[in-house]
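Asker: What follows is the residue order along each chain.
There are 2 protein chains.
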Amino acid sequence: MDLSRLAVHTITNRPWSPRECIEHYADAGVRGITFWRRDFEGVEPDWMGKTARDAGLAVNGLARGGFFTSEEWWDDNRRALDEAVAVGAPQLVLVCGGCHDKTLETARAVIAERLATLLPLALAAGVKLALEPLHPMYAAERSALNTIAQAHALCEALGSPSGLGIAVDVYHTWWDPNLEPGIERAAQLNRLFAVHVCDWITPTTDLLNDRGLMGEGCIPLRTITAACERAGFGGFYEVEIFSNRWWATPQEAYLSEITRAFSACL
Amino acid sequence: MDLSRLAVHTITNRPWSPRECIEHYADAGVRGITFWRRDFEGVEPDWMGKTARDAGLAVNGLARGGFFTSEEWWDDNRRALDEAVAVGAPQLVLVCGGCHDKTLETARAVIAERLATLLPLALAAGVKLALEPLHPMYAAERSALNTIAQAHALCEALGSPSGLGIAVDVYHTWWDPNLEPGIERAAQLNRLFAVHVCDWITPTTDLLNDRGLMGEGCIPLRTITAACERAGFGGFYEVEIFSNRWWATPQEAYLSEITRAFSACL
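So the protein sequences, as listed, match chains A and B.
If you count the first sequence from 1, position 43 lands on 43 in my numbering, and the numbers rise without skipping.
If you count the second sequence from 1, position 176 lands on 176 in my numbering, and the numbers rise without skipping.
Quick caveat, the hints were computed from the structure, so don't treat them as lab data.
Cβ coordinates follow ideal geometry from the N, Cα and C atoms, glycine included.
Misleading hints may appear alongside valid ones.
Said to hold, decoys possible - DEER-style ranges, computed between Cβ atoms:
1. Glu-113(B) / Thr-106(A): 52 to 62 Å
2. Ala-226(A) / Pro-120(B): 37 to 47 Å
3. Pro-181(A) / Glu-113(B): 19 to 29 Å
4. Arg-38(B) / Glu-20(A): 46 to 56 Å
5. Ala-109(A) / Pro-161(B): 36 to 46 Å
6. Gly-56(B) / Ala-226(A): 56 to 66 Å
Take these sequences, add in the hints, and give me the full structure.
Answerer: Have a look at this one:
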């Protein structure tokens, strides 16, 4: 895959400040950047967005809103939308929230209801909402939305507005027997808003922060990106890697590995 | 749930020898036992089966065969069938094998093909085969079969013989939006061979050995067992808990907790 399709999430290089991310990404030929809300601690998002664009990077999105099963969901999502507008991100990635002390069924109903409440605000702000199904191992704590099929159903339950779509992360979905049809359907309906890439390594020793660089694991990346391309996806492939192992290494060399792996494995 | 429906997997009390399991289970009012193949190291399975039955326990099954993506799959499954016959287990639980260095698609095809080869032997031996879908977090290393829907499809691809069915483990499947319909369909088709219970705790700190006792986590056990009962399931609910935490405690007190939790939470 050509580097013109490469975006990187700032969390991937967690040891760097967002400003360092911008500089290094631009130098390395990365074309898009996805900010994380933590990047705005002590920094104005509008300044951050301008800095990225001035460096030649497209601001591809903002991670993360959602968390609909938490008490602060309303204020938190309003702030996230404001930040998305300020940084110039066309979309906000939503991690929908786990079931915690609710049943999954209840949590899923709460997610649908609160998403419906948030949606008009997002549409009015011109910020698209990208539902990210998370791996079933996060159903309790992070997201009761766990498959692409569920994300499609949720879009449809809300009337399939053009501002609501799906972020497919290969880490969360590679195991799904319905992955390819789900991707194809999303792309055909202009609902495939984002594709996140990394790899699943074995053994996985930490549920959160033990992701692999593309090529280190068993995810058939080229098969998945081919499905995206066939269905007409034209956006960025976003590298999003949580990895204690990689975070402990020199980040410049790591970024070189990322661009190399992106070209070689996608 | 009445204790007459309680079976326990010997692995649940890993610190005990299988003979200690038999004695303590019988004393505690447990009615069924599921052996693990490791129980037969240095012990004849026919003697073990007789000892369990003499103590008043039904031998409910043998765990685990399958692992179709390993090189030793054929010899290993033949031995497992022999052991199931010898111990008097009516069914062998199959963990189908991960994708390892194959793609998931290839692994799934290999599983179907090798299962088809094994099936006639199992039918001839009078041992039922219970396909156990494993949680998607085990797709790489342990099982490319990850949902009840996939297990149904596999049964049907092989002609739906009466000796082939599904073991539903709540740990692996609780997140699945299609869990209840999958259970109901399995029970109605006499394909629900086994139900394994435990709980999903948060945070989960180990992908393998951090399961919870029923009631410690977020799995809606009563909702799930109600679905099983409604659909006509009349078998044991088998307690299968891998837990470093519980294994480090005195096992007699733990077994009391198991019977208490079984009555209280199912």
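Asker: Any hints this thing doesn't respect? Which numbers, in order?
Answerer: As far as the earlier hints go, only 1 is violated by this structure.
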